[in-house]
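Each chain, written out:
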Amino acid sequence: MLKQIEGSQAVAEAVAMCRPEVIAAYPITPQTHIVEGLAAMVREGKVGTCQYINVESEFAALSAAIGASAAGARTYTATSSQGLLFMAEAVYNASGLGLPIVMTIGNRAIGAPINIWNDHSDSMSMANSGWLQLFAETNQEAVDLHIQAFRLAEQLSVPVMVCVDGFILTHAYERVDIPDPDQVDRFLPGFEPVQVLDPDDPISMGAMVGPEAFMEVRYLAHHKQMQALEAIPALAADFAESFGRESGGLIAPYRTEGAETVVLALGSVNGTLKDAVDEMRADGQSVGAIKIVSFRPFPLAQLREALAGAKRVVVVEKDLALGLGGIVASNVRMALRGLATPVYTVIAGLGGRSITKRSLTRVIAAATTDTLEDPHFLDLDWQAVDSELARWKERRRAGPIAENLLREMGLVGHRPHGTEGPTS
Amino acid sequence: MEHPFAISLDVGSSLANHTGNWRTERPVYLDRLPPCNNACPAGENIQSWLHRAEEGDYEGAWRVLIADNPFPAVHGRVCYHPCEDACNRGQIDETVSIHAVERFLGDEALKRGWTIEPGPDTGKKVLVIGAGPSGLSAAYHLRRLGHAVTVREAGPMAGGMLRFGIPKYRLPRDVLDGEIARIAAMGVEFVFESKVEDIPAEMETGGFDAVFVAVGAHLAKRTTIPAREAGKILDAVSVLRDMETGDPPKLGRRVVVYGGGNTAIDVARTAKRLGASEALIVYRRTREQMPAHDFEVREALEEGVLINWLQTIKQIDATTFTVEKMRIDESGWPQPTGEFETIEADTLVLALGQNVDTGFLESVPGVAIAKDGVVEVDAHMMTGRPGLFAGGDMVPAERTVTVAVGHGKKAARNIDAWLAGGTYDPPPKHELADFDLLNAWYYTDADQSVQPQLDIARRASTFGEVVGGLDETTALFEARRCLSCGNCFECDNCYGVCPDNSVIKLGPGNRFEFNYDFCKGCGLCVAECPCGAIKMVPETT
Amino acid sequence: MSQRVKFYQTGTFTVGNRLLDADQRTVQATRERNNSLTSGHRACQGCGEALGARYAVDAAMRAADNRLVAVNATGCLEVFSTPYPESSWQLPWLHSLFGNAPAVAAGVAAALRAKGDTRTRVLAQGGDGGTVDIGFGCLSGMFDRNDDVLYICYDNEAYMNTGVQRSARTPAAARTATTPAVGEHPGNVMGQGKNPALIAMAHEIPYVATASVADLHDLEAKVTRAMGMGGARYIHIHVPCPLGWGSRPCDTIMLARLAVESGLFPLYEAEHGEVVDVTPIRRRVPVEDYLRPQKRFAHLFRGEGQAETLAAIQATADRNIRRFGLVPEEVS
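Protein sequences, first through last, are from chains A, B and C.
Counting in my numbering, the first sequence runs from 1 upward without gaps.
Counting in my numbering, the second sequence runs from 1 upward without gaps.
Counting in my numbering, the third sequence runs from 1 upward without gaps.
So here's chain A without its partners, still in its complex pose (with noise of 0.2 angstroms):
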């Protein structure tokens, strides 16, 4: 059914329909509209027995998920940014006790400074944690990959994470066509967990385990992503035959047919590419682009496939690497490896700045000619930063960077440089 809707609401909706058990949920931006439209749900009587809990943290969000789950109940939570680092123990800890737990993340940027808008920083701290990380490019995506993701998670008893990306998916209104409620039960059995604290059949789970059987449970665990790169696929085929559209995936090209140059990206950003793509294909440029759905398992192979024919790889992306570059393009490299493929890394959008067309279209532009510096800010101000770096040379003690920085974009109050004080 086709409706004008919030993007958190269609989660929300999308997530009911899975018939989670147990919703634990702390709220934070921008995330909370999806776990309101859920407690609103459970607290009408829509969600069948589901228990919602209202805890005191992230941590204990996902603490009470791992609880529940381990009690053989599908469940269910969601957060973004410091919520998901506030968690991260736990977010170990869930994917090495195998349990299948589906999360979204409203991504965002992480502080400080602090930030509540748009970026991929998050999920990317949380890239190695053993979770699965699917992106979704539009509401519609993010509905059916959270669909999607229970199947999958449970298929493989591992914990998924559904990437969407902060208020530009998450507090968008859209038309999506939420589906049927029979339609999703067709498509996603009843959880049947491989195993549960029972007490007619008692195990002890949470072992210490010591270096003689500590890199085997680390190979299989990362032998369950291996086995996911097959299953996320299957599962994409499943769901366009049972919902009749494309969604989900490993990866979805985007006018790759001969392209020198293809770019890639996680998330919302994808439809901006697709627009830019347009419209250098119309002006004659050889421009496809490549929309990663699974950044986790990272399709290596089926990039390395896709991407055998480009001359170029731009790599878009919304996280950074302190002191690397680019997280996505350095994943980007390893498929590529041994190829002399080029591989431009582009930051953009941190903490949600604009990516506009204009500007993608402009960098893709020069990475055509190959003079795009790598790795390249997107539309970063140099006025500001070439101003504060001028101003370390002259002071040993560098100071807060993001408040000189508005200081010097006229944003607080100025300040002769040198005065004391407080300054507020």
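Hints were generated in silico from the structure; no laboratory data involved.
Relax, there's no trap hidden among the hints.
Heads up, simulated DSSO-like pairs for lysine-lysine below, C-alpha to C-alpha not over 30 angstroms straight-line:
#: 1; chain 1: A; residue 1: LYS46; chain 2: C; residue 2: LYS115
#: 2; chain 1: A; residue 1: LYS3; chain 2: A; residue 2: LYS274
#: 3; chain 1: B; residue 1: LYS535; chain 2: C; residue 2: LYS295
Beyond 10 angstroms from chain A on every Cβ pair, some chain B residues (computed):
#: 4; residue: GLY43
#: 5; residue: ARG254
#: 6; residue: ALA318
#: 7; residue: THR319
#: 8; residue: ALA370
#: 9; residue: LYS371
#: 10; residue: ASP372
#: 11; residue: VAL450
Here are the in silico distance ranges between beta carbons for each label pair:
#: 12; chain 1: A; residue 1: ARG362; chain 2: C; residue 2: THR162; range: 53 to 59 angstroms
#: 13; chain 1: A; residue 1: LEU324; chain 2: C; residue 2: HIS185; range: 47 to 53 angstroms
#: 14; chain 1: B; residue 1: LEU506; chain 2: C; residue 2: VAL285; range: 33 to 39 angstroms
#: 15; chain 1: A; residue 1: GLY210; chain 2: C; residue 2: GLN192; range: 32 to 38 angstroms
#: 16; chain 1: C; residue 1: GLY246; chain 2: B; residue 2: LEU506; range: 33 to 39 angstroms
#: 17; chain 1: B; residue 1: LEU506; chain 2: C; residue 2: GLY273; range: 44 to 50 angstroms
#: 18; chain 1: A; residue 1: ASP177; chain 2: C; residue 2: THR162; range: 51 to 57 angstroms
#: 19; chain 1: C; residue 1: VAL327; chain 2: B; residue 2: ARG287; range: 37 to 43 angstroms
Positions of the beta carbon are idealized from the N, C-alpha and C atoms, including for glycine.
Model the placement of chains B and C on the given structure of chain A, informed by the hints.
Same frame as chain A, now just chains B and C:
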């Protein structure tokens, strides 16, 4: 359940991990010797019969008791209970009133008519000379061992000092008669008023394989007191014997008893009951030094008996007795002070102790008589003549009923072994269960039960029993005050406090055992065992 | 028998005993006890926590008709009971993290409720560090929501698993690896620390109790009572640690007993924030009797000693006795 590798485990799988190899010391269960048992001259297994009594199994308790002592009803009344002096409970609150429970069991047996079967016939015949406590005890134990027993007694009745030395108000005669009758019912032959003069001849004619002599000590010791005009002087043994056999002795209105032992007390109290307005004990030392037991002194004082401590009788002039005050020197001996007083009395009763009449033994080859007139025996109670055993007051030992009864048992066991051509070697004693081996915290606070006592007024005029028995409820309570020193009473502490579940509970009556596969040797079971029935021993390997 | 004699040698001070009525014996006295934490675990000799855990979980198992799920915080109890490839637990058991056991347990309880399983009960357990320090946020949340979980803290008064570091339960003046017995005021600082039972009471949850591994009847009664209720319940059990306290393994129960008898570890029960019962001190002892056998307090008795510190600790015990009325004649 199929489960993921390593992070999930099967329940209880740690049973594969035998932590017993951590141990440097191992706990072991043991029975330690309770101080009461250790102190009992009759060798009673007191803790064991209390254990049964605690369960309300009175007959079972009684049967454990009589395995060592055929006179529980008597001993519950007249034994001076050294067991209680040793009782560890005295260090918590008050000792267990062991004698009161013993008496309850003894009375219960008489009331219910519990009997004892003799042992299977061995074809051996033993002559017992003397029907006092020692001889009766020997006869009883010999019958239990299956030997034929004849008891020869010079007097008219069985009981010896139990009858002729202990007043009725302490030991009612129906009780004594009942316990003796039970022995007679086992097939012991009694021959009264039949003094044995020639043991070898009696053995020959009677066809006896062994003899146990226990004729006691009833020759009263005398002392020489200068007398200007002789007054009425009696000896305590005769006074007490006359109480049983003929007319009560005429003691007069004012009676002085000379001596500080229990017999002195008995005579003074008897005199009060016979109507003496004044019964005065003269003793040359202090109350603390009196051989008489404190409770008897107390009861006597309650009944109006007077005691002059630190006095000796120096001269008698008809009814006037001159006494000299004494003082105790540094070494504890009484010394004259030169200060004199006079006392008026109608009768003087000497209670200065007794000697053994060993005349009939002096001619028996091999029998040695010691300087102080007692018969020498070896560790097996045998005299220098093979097959001739002796015990009781006539051999060197403390002269109490309980010692005598113990001698009877010991002699019987030795005679039994000797008859079989061997010697009796008692099993080695267990190590003593000292108080510091107990964990007294666990015992419930409970004061000793009090036995009822006859009114003072009635005690002055009758020979009714002074001290009453406990009723069943109180006796059970008292039995349950037992700490069971050194002997497991199945409190489950070891089973409960083991952090490694390495104690196996074997079920009621079967106690516990250690599972050394898992015991780490922490010693908590030992520390928390209330009764000290576990100890740690070093691992050898 | 004319009258029933209730008295028995040890009354109910011992674990059981052959003459007590079955209902007066402890779960631990029965051959049928579950041994929820069974043999082969790797706890130190004389471990109070291993003992306390079996006491508490067995009692809970009986109360729950053996339908119990346990969630365990990281710590000694977890490490010594479940090192791969062996587990000592004999019930469904889950270990997640150090600081999240209350939340994990809340999740288990929610799952059971969602599945309509009204029979299976949930118990969470951890040491003092996992409970009153790192796990305190989650514990408070569990109390706040009144989750249907019985949380049991085994308090051995420091981080023993990591080598005896101070926790918020480490008593004043105690030596730990992070509060060394040096300087002018050796050992842990006076006047700090948390009282989780009182804090639990401040949440007004249905049931809060303190218990000791030295008083099994009391401990089992409290676990049983707690299991008879719904909602969030908290039991704080004192469990001596020979390693961390510097005491002999065989003295574990004695020390727990002296802690109670000195007044330093008061035993009480509270319902909805109000104390409803206290276990009176049976034979009061000075705190010195409790402190002296422990090497962690050895500096209090060395040389000239620390009379002031001792007096302050005694004052704490006295205050507890007054506050909870532990010695009946001293109440008024």
